[in-house]
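Going by this note's numbering, the sequence shown opens with residue 1, and the numbers climb by one from there.
Treat the hints with caution; some may be incorrect.
[Unchecked claim] FRET-style restraints, in silico, Cβ to Cβ:
no., residue 1, residue 2, range
1, Glu273, Ala8, 39 to 45 Å
2, Arg113, Ala23, 47 to 53 Å
3, Phe30, His297, 44 to 50 Å
In short, the hints are calculated from the structure, not lab data. Glycine included, every Cβ here is placed at the ideal spot set by N, Cα and C.
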Amino acid sequence: MPFVDLAAHHAPIREELDRAIDAVIDASQFVRGPAVAEFESAFAAYCQSENCVGVGNGTDALELAIDALGLPRGAEVITTPTTFVATAEAIVRTGFRPRLVDVDPDTWQLDPRALRGGLGSDVGAVIAVHLYGTPAPMVEIDRLLEGSGVACIEDAAQAHGAAYAGRRVGSLGRVAAFSFYPGKNLGAFGDAGAVVTADAELAERVRRLGDHGRAGRHRHEVVGRNSRLDTMQAAVLLVKLARLDEANARRRAIAARYRSGLDDVPEVDLPVEDQDATSVHHLFAVGCDVRDALSEHLRGEGIATGMHYPVPVHLQPAFRDLGYSRGDFPHAERIADRTLSLPMYPELPDGAVERVCDTIRKYFGAH
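With these hints in hand, go ahead and build the complete structure from the sequences.
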């Protein structure tokens, strides 16, 4: 059983994808073709926001979002250790310093209590990671940041279509960064990303920074980079966007089936669900003291698994200069040591989910 199955995902829409790709080839406008603006408009509306700027990938989206905010030199940006390394990488590569705060031991999301303790005069922004497709507690985060001048950036790389308190991810912070890596809930046929914001001026700064600082023909007002969503990827994303809600609903059904099948296995921990959060379950992760042994057992039974993320950011060699050490973020470390991701994709049959649950239950002797 694969961890994800992109071939199964594409099979029902293969003809429509082929037509979209053929149209791009026929027009041969591979950069700034009409599909780009069409997708940007559609995705902004989908996120209940005003502006979307397509970029080269999700990491670029984070960097451009941070850069466009114009934070003061030397500012710190708060995020959590429980995330893909790109979150902290983007902070460093834009010239700022990550300040890490621990996650909630129950929900595994950014802990507002830890955030409150981490806020200080040097903090210019907070990156709220919507981990595994579940939104961070944005109402509490916004309440903490209100009137502080500290911007909230949504790391929405795993959360296309998720919502918090009735509002879609992408409309909850000052600016949001999305990845369209092929395995995401909304995935391209290669690298792609987007920045979403209600702030038109901020969106224009992002667009300019991602296009060599261009302010007109032969005029470059700032030092930028080359990070644009190409027409082919935009065309593919338009086809998939029309089916995203249906796919996300199926992910929620699979997650509910996993929870039902595992909730009475005492050796397996499930993150507590925030009642205000509507997850899109990019990943379905569980906690287990014998994570590695369970993973190996499942592999032996033909069931693929993943680990997201076994080394937290503060223990990565690349970030040793931050001065953190083991024990500084006990909740993040416990999650990293124990988390196992189970197969999750919309085409996963109910019988396959039941097989995963039965295999885990039998491993622990839970009958």
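Quick rundown of the hints versus the structure:
The beta-carbon spacing between Glu273 and Ala8, approximately 27 Å, falls outside the hinted interval of 39 to 45 Å. About 51 Å separates the C-beta atoms of Arg113 and Ala23, a value consistent with the hinted range of 47 to 53 Å. In this structure the supplied range 44 to 50 Å holds for Phe30 paired with His297, their Cβ-Cβ distance being about 47 Å.
The structure fails to meet hint 1 from the earlier list, while all remaining hints are met.
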